[in-house]
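*Asks:* Line by line, the protein sequences are chains U and V.
In this text, residue positions in the first sequence follow my numbering: the first is 1, and each later residue adds one.
In this text, residue positions in the second sequence follow my numbering: the first is 1, and each later residue adds one.
In short, the hints are calculated from the structure, not lab data.
Glycine included, C-beta positions come from ideal geometry on N, C-alpha and C.
Among the hints, a few may not be true.
[Said to hold, decoys possible] DEER-style ranges, computed between Cβ atoms:
(1) U/Asp129 - V/Phe258: 42 to 48 Å
(2) U/Asp457 - V/Phe83: 54 to 60 Å
(3) U/Ser24 - V/Thr164: 42 to 48 Å
(4) V/Ile89 - U/Thr387: 25 to 31 Å
Here are the chains, one letter per residue:
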Amino acid sequence: MNTNLKISNVTKIYPGCVANDNVSLEFNSGKIYALLGENGAGKSTLVKILSGVIIPDEGEIYLNKNNLKLNSPLDAKKNDIGMVFQHFNLFETLSVFENLIIDSDEQRESLREKIDTIMKKYNFSIDLDIPVLNLSAGQKQKVEIIRCLIRSPKVLIMDEPTSVLTEQETSELFLSLKKFSEEGILIIYITHKLKEVMQLCDEVAVMRRGKLVSVSEIKNENIESLANKMVGQNLKTIKKKKAKTSSDQLIKITNLNFTSEDPFETNLMDINFSVNRGECLGIAGISGNGQSELFQVLSGEIISEKNSIEFNNNYIGDLSPQERREFLMAFSPEDRLEQAAIPQMKIFENVALNNFKSSNFFNNGLINENKIKEHSKKIISDFNVNTNNIELKSQFLSGGNLQKLIIGRELITSPDLLICFNPTWGLDVGAINYIHETLIKINEQNKSIILISTDTDELLKLSDKISVIHKGKLSKIMNAEEVTSEKLGILMGGAN
Amino acid sequence: MIIDINFIGLIIASIMASAVPLILASCGELITERSGVLNLGVEGMMIIGAISGFALMTVTGSLIIAVFGAMLAGVLISSIFAFLTQTLITNHVATGLALTIFGIGISAMIGKNFVGIPGKEFPVLFEGLKDTIPLLGPILFGHSIVFYFAFALPFITSYFLKKTKIGLIVRAVGDSPESASNQGINVKLVRYACILYGGAMSGLAGAYLSMIYTPQWIENMTGGRGWIALALVVFSTWNPIKILIGAMIFGGLTIIQFHMQAIGVRIPVQFLTALPYIVTIIVLVVISRDSRKIRLSTPSSLGKSFHKDN
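Model the full structure from these sequences, guided by the hints.
*Replies:* Following this line, the structure appears as structure tokens:
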């Protein structure tokens, strides 16, 4: 049976912000719809309205011509609307099966049979009796999907589903979504990743600042046209100028090893590379192949042998991050809110955390607040952080603004080397462009970058040399112009 | 020296009897904490139960009214805590401490007229079977109904949490109230119910003390048992069966150290008095060392207020 979902003149106003401004949209089953927009464009609000989490100020929702009153998530469930949130709604300490039975009225045995059938049909394999906290992000998402499928939904909404997935898991997800769509489930896919829209969807609706900007078929669009609609202006295409080949070596890693006691970490084996001044070394790989360990070894969170890292003719392998900073290294870790900044602290306090001896942030153990604030204001204006309130807690900054703040904090001391790990993870196009421009600028100033990233496009765009990490081992270092994304893909899979 | 085997049985029975109020209050608090609520008012709720039970027994003469009245009193006083922490979103720790202070104060006030009044005899079950089996006879038979209930309670609690739908919902709420709310579970209702249940069990524990264990009213007669009950919940890592073990060790050492003092063992009295506390904690820590199991049974949202935005 055909499913028709209609959103009619939906408006939701928050103090100081119109999250949804008179949005009307219509969806029909058999197609996969993308809802595209930057962070804060209002797409999450719209889907939360569809799933009953938020009640709109105005507007109606119709499913197959029936006017739905969605006052709670339960109402959405009853009306066959399933939703997989970006942040999973799972109970970590309960088993997978307990997570699934909790909102089901069925008997244990019949539910178990039903789940088994679903898993067989879509080729999922998850142990139902282990606690959810032992699952990978991709498996957790499958549990959420199964939870929706149990109720045989007419509509399935996926909110930024790939932000926590590896590439392998992403392609598995796309296969499943296509299958669901063929079976008549109406799929609404929320994302800000243009490539995914092109790969997966049939139709795309673009939102910007709470308004619906356009609805079109994918075949009439390309990545550039969608990006421009999303951002609302013509994006500059960033191209890196070929760096002048310098032979002035800045950092050299020799026979670096790391053996972890934690079975969930990857051991690093015999890492050797060097980076010259003005160069960007990209390190590609599927996440979980030792990137985070490599970053920690380079940043000094994990101490290694003194001689294994030579920086500017000093052996620094046994120094702490703080001491390495004094040698003009700078770091931008992967997890912005967990590792790079403290969410509950104000912007200027977070800036002060990057405490250089030369920065004079502290006098005889007392905080020199004026100095820090002055410094923070400079970062905010130099790096285009979209706020003028340095007293704001950093958890309220969007991902893009926080990343700009962190990179700004690291760069304002003009370090010789910046090591960053997935710097544009989860950011929207505008912010990604800004970060990329900044990184290119660093290289132009004859400073160096080590860019550890899982985004191959980003690496090909920014790197001068590229290596691939697989199971804790680095491939040989290649010149970026010799490398294609196919070649990287093969190396990332572990082939030689 | 010949030790009468029935005498050992009697000692074991007296150890079990002293464990009863701990088991009752701990199992109640365990349910409360499993839903994510930390109620430090156990001592206060227990003493309210103790005075309510004793007063009702003296005034009405009915043991049934007294026992259920004590549980109701526990429910009432815990409903203050529930209203404050769930509806007015106050801090669990501060509110719980206040509840204890309040309970001790008000029980002393009500209790003034009941000091020195002798209690009533509480009926025991299977009295006649006591002498039929050596050793086991005094252990198994001749106890009050509350005693039997207390020793069944850890198993009932365990079954409830593991096997029933409502138990699953309680655990889910304690794990992630946000997710539970998004699944359409009424988090506040569940937490209210768990707090009131904890209150009822603490009230019953208090009534056991003032009506059965030492049938009289003495000011402050709970003597810190509420705090021990709280500690048992944590050190048992929210496992009802381990609560039973912990309560038995604590009760056992308390009784044995009395006997040791009586025979005049040359160990400082202070050390003997402290012994049950130290040993109970050490044993529970040692039997609950599996960090994976701790992670799985600790309610992640314990003590954190939940309020639904938007």
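*Asks:* All hints are to be evaluated individually against the structure, with a verdict given for each.
*Replies:* Quick rundown of the hints versus the structure:
1. Hint check: U/Asp129 to V/Phe258, Cβ distance near 47 Å, so the stated range 42 to 48 Å holds.
2. The hint said 54 to 60 Å for the Cβ distance between U/Asp457 and V/Phe83, and at roughly 56 Å that hint holds.
3. A hinted range of 42 to 48 Å holds for the C-beta pair U/Ser24 and V/Thr164, which are about 46 Å apart.
4. Separated by about 29 Å at the C-beta atoms, V/Ile89 and U/Thr387 satisfy the suggested range of 25 to 31 Å.
This entry satisfies every hint, going by the numbered hints stated previously.
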